[in-house]
Amino acid sequence: MTASSSTPDADRLARVALARITEPGHVRLLDLVSDSGAETVHAGLLEHPDVGPRLAAVEPERELAAAARSGLRFVVPGDDEWPPVLDDLRTAEPVQERGGVPIGLWVRGPVRLDEVGGSLAVVGARNASTYGTDLAADLAATVGQAGRAIVSGAAFGIDFAAHRGAVAVGVPTVAVLACGADRAYPVAHEQLISHIASEGAVVSETVPGGAPMRVRFLSRNRIIAALSAGTVVVEAALRSGALNTANWAGRLNRTVMGMPGPVTSAHSAGVHQLIRTGAATLVTSGEEALELLGASGEHVLDLPRGKDRPRDGLSHLQRQVLDAVPVARGAPTVSVAHVAGLPAEEVHATLLALEIRGMVEMTDDGWRLAALAHD
Amino acid sequence: MPFATAQTVSLHGAVGHLIDVQSDVSPGQPGLTMVGRPDATLNEARDRCRMAIINSRLTWPTTKRITILLSPADLLKSGTHFDLAIAMSVLAADGGVPKPTLAGTAFIGELTLDGNLRSVAGVLPMVLAAAERGVRRVFVPEPQAREAAMVPDMEVFGMRSLGQVVAELRGDEVPEAPPVAPMSGARLLSWRGEERLEETDMSDLLGLADVRYAVEVAAAGCHHLLLSGPKGAGKTSIAERIPGILPDLSRSESLELTAIHSLAGVLDPGQGMVVRPPYSAPHHDASKASLIGGGRGQVRPGEVSRAHGGVLFLDEFPLFRSDVIEALRQPLESGDVTIARQEESVTLPARGMVVLACNPCPCGRYSANPGANGCGCRSPQLRDYRNKVTGPVADRVDIVRNLVPLGPADRGDRFTVPESSTAIRERVAAARSRQAERFAEESWGLNGHAPGPVLRERWPLPEPAQRLLDDEVYSGRLSRRGATRVHRLAWTVADLRRLNGPGVEEVAVALRLRTGDPLLIGMLERAS
Numbered sequence: 029m030t031a032s033s034s035t036p037d038a039d040r041l042a043r044v045a046l047a048r049i050t051e052p053g054h055v056r057l058l059d060l061v062s063d064s065g066a067e068t069v070h071a072g073l074l075e076h077p078d079v080g081p082r083l084a085a086v087e088p089e090r091e092l093a094a095a096a097r098s099g100l101r102f103v104v105p106g107d108d109e110w111p112p113v114l115d116d117l118r119t120a121e122p123v124q125e126r127g128g129v130p131i132g133l134w135v136r137g138p139v140r141l142d143e144v145g146g147s148l149a150v151v152g153a154r155n156a157s158t159y160g161t162d163l164a165a166d167l168a169a170t171v172g173q174a175g176r177a178i179v180s181g182a183a184f185g186i187d188f189a190a191h192r193g194a195v196a197v198g199v200p201t202v203a204v205l206a207c208g209a210d211r212a213y214p215v216a217h218e219q220l221i222s223h224i225a226s227e228g229a230v231v232s233e234t235v236p237g238g239a240p241m242r243v244r245f246l247s248r249n250r251i252i253a254a255l256s257a258g259t260v261v262v263e264a265a266l267r268s269g270a271l272n273t274a275n276w277a278g279r280l281n282r283t284v285m286g287m288p289g290p291v292t293s294a295h296s297a298g299v300h301q302l303i304r305t306g307a308a309t310l311v312t313s314g315e316e317a318l319e320l321l322g323a324s325g326e327h328v329l330d331l332p333r334g335k336d337r338p339r340d341g342l343s344h345l346q347r348q349v350l351d352a353v354p355v356a357r358g359a360p361t362v363s364v365a366h367v368a369g370l371p372a373e374e375v376h377a378t379l380l381a382l383e384i385r386g387m388v389e390m391t392d393d394g395w396r397l398a399a400l401a402h403d
Numbered sequence: 195m196p197f198a199t200a201q202t203v204s205l206h207g208a209v210g211h212l213i214d215v216q217s218d219v220s221p222g223q224p225g226l227t228m229v230g231r232p233d234a235t236l237n238e239a240r241d242r243c244r245m246a247i248i249n250s251r252l253t254w255p256t257t258k259r260i261t262i263l264l265s266p267a268d269l270l271k272s273g274t275h276f277d278l279a280i281a282m283s284v285l286a287a288d289g290g291v292p293k294p295t296l297a298g299t300a301f302i303g304e305l306t307l308d309g310n311l312r313s314v315a316g317v318l319p320m321v322l323a324a325a326e327r328g329v330r331r332v333f334v335p336e337p338q339a340r341e342a343a344m345v346p347d348m349e350v351f352g353m354r355s356l357g358q359v360v361a362e363l364r365g366d367e368v369p370e371a372p373p374v375a376p377m378s379g380a381r382l383l384s385w386r387g388e389e390r391l392e393e394t395d396m397s398d399l400l401g402l403a404d405v406r407y408a409v410e411v412a413a414a415g416c417h418h419l420l421l422s423g424p425k426g427a428g429k430t431s432i433a434e435r436i437p438g439i440l441p442d443l444s445r446s447e448s449l450e451l452t453a454i455h456s457l458a459g460v461l462d463p464g465q466g467m468v469v470r471p472p473y474s475a476p477h478h479d480a481s482k483a484s485l486i487g488g489g490r491g492q493v494r495p496g497e498v499s500r501a502h503g504g505v506l507f508l509d510e511f512p513l514f515r516s517d518v519i520e521a522l523r524q525p526l527e528s529g530d531v532t533i534a535r536q537e538e539s540v541t542l543p544a545r546g547m548v549v550l551a552c553n554p555c556p557c558g559r560y561s562a563n564p565g566a567n568g569c570g571c572r573s574p575q576l577r578d579y580r581n582k583v584t585g586p587v588a589d590r591v592d593i594v595r596n597l598v599p600l601g602p603a604d605r606g607d608r609f610t611v612p613e614s615s616t617a618i619r620e621r622v623a624a625a626r627s628r629q630a631e632r633f634a635e636e637s638w639g640l641n642g643h644a645p646g647p648v649l650r651e652r653w654p655l656p657e658p659a660q661r662l663l664d665d666e667v668y669s670g671r672l673s674r675r676g677a678t679r680v681h682r683l684a685w686t687v688a689d690l691r692r693l694n695g696p697g698v699e700e701v702a703v704a705l706r707l708r709t710g711d712p713l714l715i716g717m718l719e720r721a722s
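Top to bottom, those sequences are chains C and P.
In terms of our numbering, the first sequence opens at residue 29 and continues consecutively.
In terms of our numbering, the second sequence opens at residue 195 and continues consecutively.
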């Protein structure tokens, strides 16, 4: 908040102007800005026959003032609030001709972007099933409670569920929009987005007032992936936009995770494909996502395993003898030895050891299994 | 002529027969003969009536030969409510009351030795039957006058004693008498349940979006429902809120249900007609007779009939005895229940919505999540349990839902305000009236009751929707019976959406409801 509240510097103004005349994720322009600086690119473009006049017509101070009135701030590289993780985009390979470090991000809400490092992105199908939305909400709540912010796109389905889960347990959540950060899209989620704007952060690369064009969703996805330490895909069909986010997360060397559905469900086919090709790691719960996100040794989970059984700790010989002991009517040591095919002395000693463990008992007729060994 | 006739009603299930009680009091060897197939309880009536008449300071023809005929004579008769009619016919035959006053009048009530009346079960169906046969005037025990008065165009006299009845008929001043005790064995156990249910509302339940929608569909079309899930997932909470989203009973349903409650002896006459859909949740120890109906003497309606027009909830249904589960097949399919006994076969209405609940395993602690799995069931137990879950009764269920316990996200949900039962009930009522309009000419009124062949013939699915259904059948994922159920469900989904008929999208919703697959959130949004 250093520069934006006082007099805006030349770099910021150049970025505001450039943002106004370009589409988000314009790889060539963004790379130029990253390499030569915004002011140089701004000055160069003013000479351009087509773009020059449009660029000259922008009044960046007024834009900033208007944005501030709608509660927006413009966060640019070099600001204290600028999350360094976004700089990873500079070297990442473009996807569908979109890429690059954003010129700046318009932000609405109290949560600072530099404080959401280590966050988890939760993305997935718009027309998700209730199975998927329940999973996503609980995943967001569990990861959120462990102190990580939840990033998503405020869309229908999984996105909404992820934000809802985070809000339910009162942890910060960040909504990255494809339209301007002053708008609410989809309109049905106005309540959600304004809640996030008052307690989390609503972020967009698109200039204020910008419409949610289709292409802007693709460039938006890269911001979601870049802002977070890992991305979980919950329910995505084969052509889902969530796979685009996962693709970006992979390119940015973030942890990519997938929550599976029934193998027969077309709504999870995209997730299954990610897992099958090795692009994503399968997770079934928030705890498992935390384990993958954490530093080595953090959140380590016990391997899931079945219940311990009384027979678990026995040696091979003991098991062999135990198998030969009758269930109901007792049998003498010799007969047990005969069934087990082992020498009688060895069997006798083993039976005594098993008796101490409570696995066999002596009756009038001889040895039989104790209740403990029935399992 | 020393001969008189008084009328009363004999009940066989919910069917009533008008009975002529004829008495002949003639000179001859003193004594009393009762003919016309009375059973043991009815045979005792002779002693009750004699003492009641004597103790009412009326004249019992001790020195004459009394013959009583219960006509038609071939019908087996049972019950204590014949007392009043027997006493009246004897008195009239002997000149104690004017014979013409008995015409067009039915007498219902049990007598005590001091001449007072006692309440009897089944007054409403008896009076209904009497009205149908042209009777315009009834005498009933005082506490049951309101029950009898539910029948339109009926002149009802609520009386406390035999003396009062006689005085009324003679036109004398009606004497004082002690008030009649209410029915013995009135509902002692369910009083708490009834009041508790009135306080529950769908808005109490967090999350469960999927199940809430499924329940709405079930209520709108009267489709049977199976809820599966571990302990604490909310199966019972959902089930006991279903009556709250059902609209009031129709006039005929209300009369049927009130008659059933009267037969079962659980009607609270102070409450008037039963207009709210009932809720019945028998425990899994329940016997076949208590669930289906039966008992000795008069047939007592079982829980399936007492839930007529409402909800029959069978929690832990795989733990019910096998013969009890098997016996549920008929009411599930046809909406009535036939109780066959040695002498008679009685059919009672049982058109409630059946809600079955089961756990994933007998102990209820199973979870697919290994960390949360606390199941200690052995595999034979598991196999038995699952066989029952997938047995013929579960196959007659339309909607299957799998519940999971609430997660951390549901408790603090800020953006989903759970709808109230009233809001849901309005949509259910609207969907039901669409069905009533469509089936106006038919004998049923709801999609869940529509016979499959008629539905396919007269209300078919459009070509692409039918193809979707056929694909499921050909691939073996759905049985033919299942396809019919999906067809019915698709109509209900369309009715809730105020469409003129189901399309591909409605069939897709119905398929998910039937197979237990989770619904897509887009499907839920179109619900409201």
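One or more of the hints may lead you astray.
Said to hold, decoys possible - Counterexamples of contact, computed for chain P against chain C with all Cβ distances above 10 Å:
(1) T306
(2) S397
(3) G401
(4) A403
(5) D404
(6) G459
(7) A480
(8) S484
(9) A588
(10) S627
(11) F633
(12) G695
(13) G697
(14) P712
(15) G716
To be verified - Computed list of lysine to aspartate or glutamate pairs in DMTMM-like fashion (alpha-carbon distance at most 25 Å, straight line):
(16) P/K482 x P/D442
(17) P/K425 x C/E143
(18) P/K425 x P/D398
(19) P/K425 x C/E315
(20) P/K258 x P/E326
(21) P/K582 x P/D479
No lab work stands behind these hints: they were computed from the structure.
Computed from a predicted model, the values in this text were never measured in an experiment.
In this text, a Cβ means the ideal position worked out from N, Cα and C, and glycines have one as well.
Each hint, compared with the structure:
1. T306: 61 Å, holds
2. S397: At roughly 18 Å from the nearest Cβ of chain C, P/S397 sits farther out than 10 Å, so the non-interface label holds.
3. G401: 8 Å, violated
4. A403: Since the minimum Cβ distance to chain C is about 6 Å, P/A403 lies within 10 Å and the statement is violated.
5. D404: The claim is violated: P/D404 sits with its nearest Cβ about 4 Å from chain C, within 10 Å.
6. G459: At about 44 Å from chain C, P/G459 clears the 10 Å cut-off, so the statement holds.
7. A480: It holds; P/A480 is separated from chain C by about 33 Å at its closest Cβ, greater than 10 Å.
8. S484: Holds: least Cβ distance 37 Å, greater than 10 Å.
9. A588: Label holds. Min Cβ-Cβ 20 Å, cutoff 10 Å.
10. S627: At about 29 Å from chain C, P/S627 clears the 10 Å cut-off, so the statement holds.
11. F633: 31 Å, holds
12. G695: 23 Å, holds
13. G697: 17 Å, holds
14. P712: Since the minimum Cβ distance to chain C is about 4 Å, P/P712 lies within 10 Å and the statement is violated.
15. G716: 4 Å, violated
16. P/K482 x P/D442: 29 Å, violated
17. P/K425 x C/E143: Not satisfied, since the Cα-Cα distance of roughly 40 Å exceeds 25 Å.
18. P/K425 x P/D398: Holds. P/K425 to P/D398 sits at ~18 Å (cutoff 25 Å).
19. P/K425 x C/E315: 23 Å, holds
20. P/K258 x P/E326: Outside the cut-off at roughly 36 Å; violated.
21. P/K582 x P/D479: 16 Å, holds
Checked against the numbered hints given earlier, this structure breaks hints 3, 4, 5, 14, 15, 16, 17, 20; the rest are met.
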